[in-house]
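For this one, chain X is given, so just place chains L and B on it according to the hints.
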Amino acid sequence: MDRRNFVKLVGTASGGAVTGACGKKSEQIIPLLVSEEEIEPGVEQWHPSICGDCGAGCGTTARVMAAEREIEVDGERFRQQVAAIKKLEGNPADPVSGGRLCARGHAALQSLYNPDRLRGPMKRVGERGEGRFEPISWERALEEVSESLARSAASDPGKILYLTRPQASSRSATVARFLESLGAPPARSVGTGDFAAEIEASRRAFGWAGIPVYEIQDSTLVLSIGADFLGGWVSPVLYSRRYGHMRQGRSELRGRLIHAESRFSLTAWNANRWLPVWPGQELALALGIGHVLVSEHASPSVAEASEEVLATFESVDLLQVSEASGISIEAMRETAAALAQATAPVVVAGASMVRENSADALTAACALNVLLGRVGEPGGVMPPAASGTGLEDARPAAQGWEARLAEAEIVFVDGVNPAYNAPSAGTALTEAGTVVSFSPFVDDTAAYADLILPDHDALEKGRALVPDVSPVPAVSAVESFVSPLYDTRSTEDVLVAVAEAIGKPIEAMDPASVLGGLHQQMGSAATEQAAFVREQLRQGGWRGERRGSQGAGQTALGSFREAGKRGGLQFQAYASVQFGEGAGANRPWLQEMPDPGSSAMWGTAVEVDPGTAAVLGVTNGSMVRVESASGSLEAPVYVHPAAIPGVVSMALGQGHANYGRYASGRGANPMAVVGDSREAATGAIVHGPVEVTLAMSESRGRLIQLSRQDRDEAPHRV
Amino acid sequence: MRRALLLPLLALPAQLAAEQPLGFSHRAHIERANMQCVDCHTGAVSRDVAGIPSIRKCMLCHQFIATDLPEVVRLTKYWEKKHEVPWVRVYGFKRQAAVQFRHAPHARAGIQCSKCHGDVGAMTVAVKAVNHTMGGCVSCHRENQASDDCLACHF
Amino acid sequence: MAEQAEQRDPRSEQRVPQWAMAIDLDRCTGCEACVVACASENNVPTAGEEEAARGRAKHWIRVDRYYEGEFPDIRVKFRPVLCQQCDSAPCEPVCPVYATYQNAEGLNVQVYNRCIGTRYCAANCPYTVRFFNWFTPEWAEPLGLQLNPDVSVRPGGVAEKCTFCAQRIKRAKLDAAEEERELADGDVQPACVSSCPAEAMVFGDMGDGDSKVSKAIASGRSGQLLADLGTRPRVFYLEKAD
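Chains as they are written, first to last, in this note's numbering: chain X, 191 to 908; chain L, 8 to 162; chain B, 25 to 266.
For reference, chain X alone in the conformation it holds in the complex (with noise of 0.2 Å):
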């Protein structure tokens, strides 16, 4: 790397010379790799990227300056002239963002500078767990993988294990290329970001493949059940850029809003009516809005609607599914009679928290949109806007993990945690064979390998992908344009290495090989390839035109599985507005960003409600032992003003055994309560409810508020 910058330089007269200094934001970004030379103190560059945290896959811009730190070189400490990245902001060209950017979009900052990244590979010499590596050369380490590789390749390929993001991107191509040239079986994505239960219901209701996209800034009037879509559904951004438009971006009309869930989220805060459903019975809720529909409102839609979903929800029992779902009849009929009078009605169905039968739950949420006739409509629900770019087939679903873990002979954990996320995969991962991560630090995971070999930061990378929702036709694409900050290297880069060296080589899916392949394919003769590729790069991606709508294919119900009906109190785990599903635990301005709604920091509480708690002669700050049938935890408590009675939340985030000096050792995971079970038609990660009891513990903790004052009594003073 220096030797080409230092030929570089010497065969330019030029250096030194940057473009486009001054003028605006979106004039000035430049996608290539500015290397030290060529930055100017004081001056700034935008460059596109792209954000990594959540499958949002937001478009962004980076803000580049010159700065200098501090390295060793053979004993001696030197300054160093590094291009860093200052600043992060939405990209005004891309659909999602809209050159917004969200609180984890911002702080992806701290996990590129974070002080407790991998300076380079390593090889465990602790016990399986314990967290204990010393470093070995890149030459040994993919060694060592090649070989381990080998045997199982040529044993039994089907033992080779890949677990990696939900993502349709140039880095999930290349990882189904690897498997395909081993002869293994598909990567497998761990965590709740799959969203595998809406694609199955998408598929089910309207016949689609891929998350519907919900015009919600053209409605009327929404109604979400259980999509938390302004606390990191599928795409914050976007639907925060929505849901605003929808209030006051339109003239004289004002879209209201009601919600469903059985968490007072950042979503139930902001509706008009907010519909506390008892978790786990979302598919009640919706089965008896939908026979309400049928029943006292027959539209032209509902009679447009197949028999099979008249069907599905004529038979359903209106005083069943209110006493199971805690939604009184009368709430019910009112929430009909307003999307049957709205003239712009949508319902978003999401599962924010996985259930058991989270596949049904939308299903039937989703089939209400068919009997409102809203599928295709503006204002309604869309069909996913396909990139074109194949990427989608790459994306890897949930489905069958966990049972081939403990068996694998050779495990690649590739962007996710599911020691973290699905607590009985540690135990796994200790009688699984070779563990092979590539996370840039020591997490939960990671802990468990053989050899991590860390991968560059996302902000260091060069990658396309294609965000989950999106507006119109779009694949984000950028070239890398700072250099890595230590002896990491692209797992991609990795993955070709190890191909090659075990005799069955691959290609790397690059960014400019996705969009010369889409070149291709739109057969446009206008544009040369290589200035189309260009021109995109510059751009951080390429959008499409939005296409015309486009109603329902087949839908096609099937009986749905309903959810048992429990006593005592549910436990449910949620991924938080700050932690997502744990993954932003290591960054600080995220630990001290206040929770929104217990004001928490550097902590996550046990949410409580008042009843509940004063039954426990339990108040703010008393810690708690929260006990399921598949584990325990104790926590401070947040006596919640708006929790359901009887059911206790905790948000993810905390209680990380291993992911750095900020998150490792803080607080409690409440997977370990919930424990590992499974979304019965996609495999997905359930993140409750279990039913638990609580009990005061002696145990030390505490609980920081930024503001402990819940009520406004002495108005605005914290």
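Treat the hints with care, as some may be off.
Residues from chain B that face chain L, not an exhaustive set, calculated with beta carbons under 7 Å [said to hold, decoys possible]: (1) 34; (2) 35; (3) 133; (4) 136; (5) 190.
Partial chain X-side listing against chain B, Cβ under 7 Å, derived [stated by the list, open to error]: (6) 292; (7) 296; (8) 420; (9) 456; (10) 778; (11) 779; (12) 901.
Calculated lysine-lysine pairs in the BS3-like style (CA-CA distance at most 30 Å, straight line) [what the hints assert, rightly or not]: (13) 101/B / 239/B; (14) 194/B / 122/L; (15) 197/B / 101/L; (16) 135/L / 194/B; (17) 101/L / 135/L.
Keep in mind that the hints were calculated from the coordinates and are not lab data.
Glycine included, C-beta positions come from ideal geometry on N, C-alpha and C.
Below, chains L and B without anything else, positioned relative to chain X:
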């Protein structure tokens, strides 16, 4: 190591008459080579920061020009070791001053380099000819009807 | 609403802008993207667990939330709170060293190197948006690379607060001057405003009747926080429509 050009850590503090690692002569470059300040301090007119040139810039010429001068020989040694020259900064504000200075607007207002930096063209190794005090800044701002709001510089 | 006599810059003879912000609470979702965007832009140090427990966390912007009613008829009222840039700022007269004052553009300025750390300003601020640096902040390497060179890192012993992103105002002015044009509406976007996913925040010159912020302030839903105190804030909240 990945990157080539390194600066020893020691060379940080500003000094009144800085002991520089090389006997660089500003005069020779201005008078004999007929160069402009901005040829090396590229940001002085159009950017926030004037900038101290990298050794790469020096070597663009000194690979070929005056290669036998003793100071150029010493310069070449840094180059061969892939080290930056650890220049000692002559001007600059302490972090505690919380001052934000931008060169460009001053150049645009027609303020000559010498107003704040003295006649560097007549110097060999640069010395601190002008003391950058708040009084100096404020009186010049007032003379030129520039802002004397604290926030013009302190943020 | 604040009324300002129109002022002109003596040199350029351009009208001096009167900065103001409007936050539409009917758009705001409470997601706190602004909170992190601000910390990133303004080098706001993270206090850490121990200091946060002592009430020393610094949030130049935060989201206040108050619950109203009881389950199931419960609602939450919330709003982002930042320095209100008051025209009659309670923090100003109590500073013994004039380290805080209102400038011609209506900004409530905190001069770090003049501040001697009495903390009177923070004590007298009814919005609790002023913070004291108990220590000189440190960043574990390489987190220091995230620091914005356009913004001073405040040393220990001084007070700090939201500046309406003074550095962005400065840069927008310099860019406009370089391009020989006047500052246009929307040229200045503080970090919170440019980040806001729901597009709830508008920033601009309330002295220009055609600016977006002026129109928002005139929308009929506009009010000021603790207006009865007579602080005359430059931050306007457009209340929720129901």
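Status of each hint after checking the structure:
no.: 1; hint: 34; in the structure: 5 Å, holds
no.: 2; hint: 35; in the structure: 4 Å, holds
no.: 3; hint: 133; in the structure: 5 Å, holds
no.: 4; hint: 136; in the structure: 4 Å, holds
no.: 5; hint: 190; in the structure: 4 Å, holds
no.: 6; hint: 292; in the structure: 5 Å, holds
no.: 7; hint: 296; in the structure: 4 Å, holds
no.: 8; hint: 420; in the structure: 4 Å, holds
no.: 9; hint: 456; in the structure: 6 Å, holds
no.: 10; hint: 778; in the structure: 4 Å, holds
no.: 11; hint: 779; in the structure: 5 Å, holds
no.: 12; hint: 901; in the structure: 6 Å, holds
no.: 13; hint: 101/B / 239/B; in the structure: 24 Å, holds
no.: 14; hint: 194/B / 122/L; in the structure: 23 Å, holds
no.: 15; hint: 197/B / 101/L; in the structure: 25 Å, holds
no.: 16; hint: 135/L / 194/B; in the structure: 28 Å, holds
no.: 17; hint: 101/L / 135/L; in the structure: 15 Å, holds
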